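Participant: Residue strings, one per chain:
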Amino acid sequence: GQNIDQPTEMTATEGAIVQINCTYQTSGFNGLFWYQQHAGEAPTFLSYNVLDGLEEKGRFSSFLSRSKGYSYLLLKELQMKDSASYLCAVRDPSRGYSSASKIIFGSGTRLSIRP
Amino acid sequence: DTAVSQTPKYLVTQMGNDKSIKCEQNLGHDTMYWYKQDSKKFLKIMFSYNNKELIINETVPNRFSPKSPDKAHLNLHINSLELGDSAVYFCASSQDLLAGAPDTQYFGPGTRLTVL
Numbered sequence: 615g616q617n618i619d620q621p622t623e624m625t626a627t628e629g630a631i632v633q634i635n636c637t638y639q640t641s642g643f644n645g646l647f648w649y650q651q652h653a654g655e656a657p658t659f660l661s662y663n664v665l666d667g668l669e670e671k672g673r674f675s676s677f678l679s680r681s682k683g684y685s686y687l688l689l690k691e692l693q694m695k696d697s698a699s700y701l702c703a704v705r706d707p708s709r710g711y712s713s714a715s716k717i718i719f720g721s722g723t724r725l726s727i728r729p
Numbered sequence: 012d013t014a015v016s017q018t019p020k021y022l023v024t025q026m027g028n029d030k031s032i033k034c035e036q037n038l039g040h041d042t043m044y045w046y047k048q049d050s051k052k053f054l055k056i057m058f059s060y061n062n063k064e065l066i067i068n069e070t071v072p073n074r075f076s077p078k079s080p081d082k083a084h085l086n087l088h089i090n091s092l093e094l095g096d097s098a099v100y101f102c103a104s105s106q107d108l109l110a111g112a113p114d115t116q117y118f119g120p121g122t123r124l125t126v127l
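Chains X and B, in that order, are what the protein sequence lines are. Here the first sequence is numbered in the working numbering, starting from 615 and rising by one per residue. Here the second sequence is numbered in the working numbering, starting from 12 and rising by one per residue.
In short, the hints are calculated from the structure, not lab data. All figures in this text were calculated on a predicted structure; none of them were measured in a lab. Note that CB positions come from ideal geometry on N, CA and C, so glycine has one too. One or more hints might be untrue.
Said to hold, decoys possible - Distance condition first, Cα-Cα at most 25 Å in a straight line; then the derived DSS-like pairs of lysine-lysine: (1) K695/X to K52/B; (2) K78/B to K20/B; (3) K20/B to K30/B; (4) K51/B to K695/X; (5) K82/B to K33/B; (6) K82/B to K55/B; (7) K51/B to K20/B; (8) K695/X to K20/B; (9) K78/B to K63/B.
Said to hold, decoys possible - Which residues of chain B face chain X? A partial, calculated answer using Cβ under 10 Å: (10) K52; (11) L54; (12) V99; (13) P113; (14) T115; (15) Y117.
Please put together the full structure from these sequences, using the hints given.
Facilitator: Written out as C-alpha cells, the structure is:
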C-alpha cells in the first residue's frame, strides 16, 4: 500500500525553530516535495529532495533519508506568516509515466505560530 | 499575470445538476492535473493530462469527465452532482521531469464547490 504520515497539528513560538516530520511507505520513490498551504489558498512549492541529505533554502530546510522513508521540514526564525499547513508529497514512479507519475500528498500538518 | 487560473472560484449548486470548472495555465507546461481536497484536507489526484492525452485516471466516478482542448486548458465537467462532491477542486500544471529539475506543480487558486 501507500502511506504518507505527518502530525496533524503543531504549535510553535514566533522566533523559534520547528521541525515537521514526514514518513512514507510507497511502492516506488523518485522525489519528495514540501508544499505550504495557507488557509483558503492554493499549495505553493517549498522544497524538493531526491537524494539523501539536507537542502537549505533561506529559513527553510528539508532533509531526506530514503533508507528510512523519512523526511523533515525545518523552519527557523519563525514568523507569524508561517502559520499554514505543510504538505509532504512523494513521487511514486510505479504509478504512472516517468515524467508525470503520480505525486501522493500527505494530509498536511497545520502549524500555528503564537507570539 | 496569473500562472494557473480557474473559474469559477465558488460554485454553489443543487444535487443532480451538471456543472463545469475551467482551468488555464500560461506557463507552457506539458502536464495538467485535477485534485480534490476534502474537508480533512487530503489532496487527492483525480486526473492528469500530458499534452492533451489522459495519463492518470484515478478511481473517480464516471460522472467526472475531464476535457483538454489544448495543452494549456483542462476543464472538469461533473454530471449529476452529489452531496459528497462538495470539496475544493484544484487544477495544477507542471513541466515534464528533467534531469536536475523537479516537476514542481503550480496550483490554481481552487474552486470551492458546495452541493446542496
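Participant: Where does the structure disagree with the numbered hints, that is, which hint numbers, in rising order?
Facilitator: none
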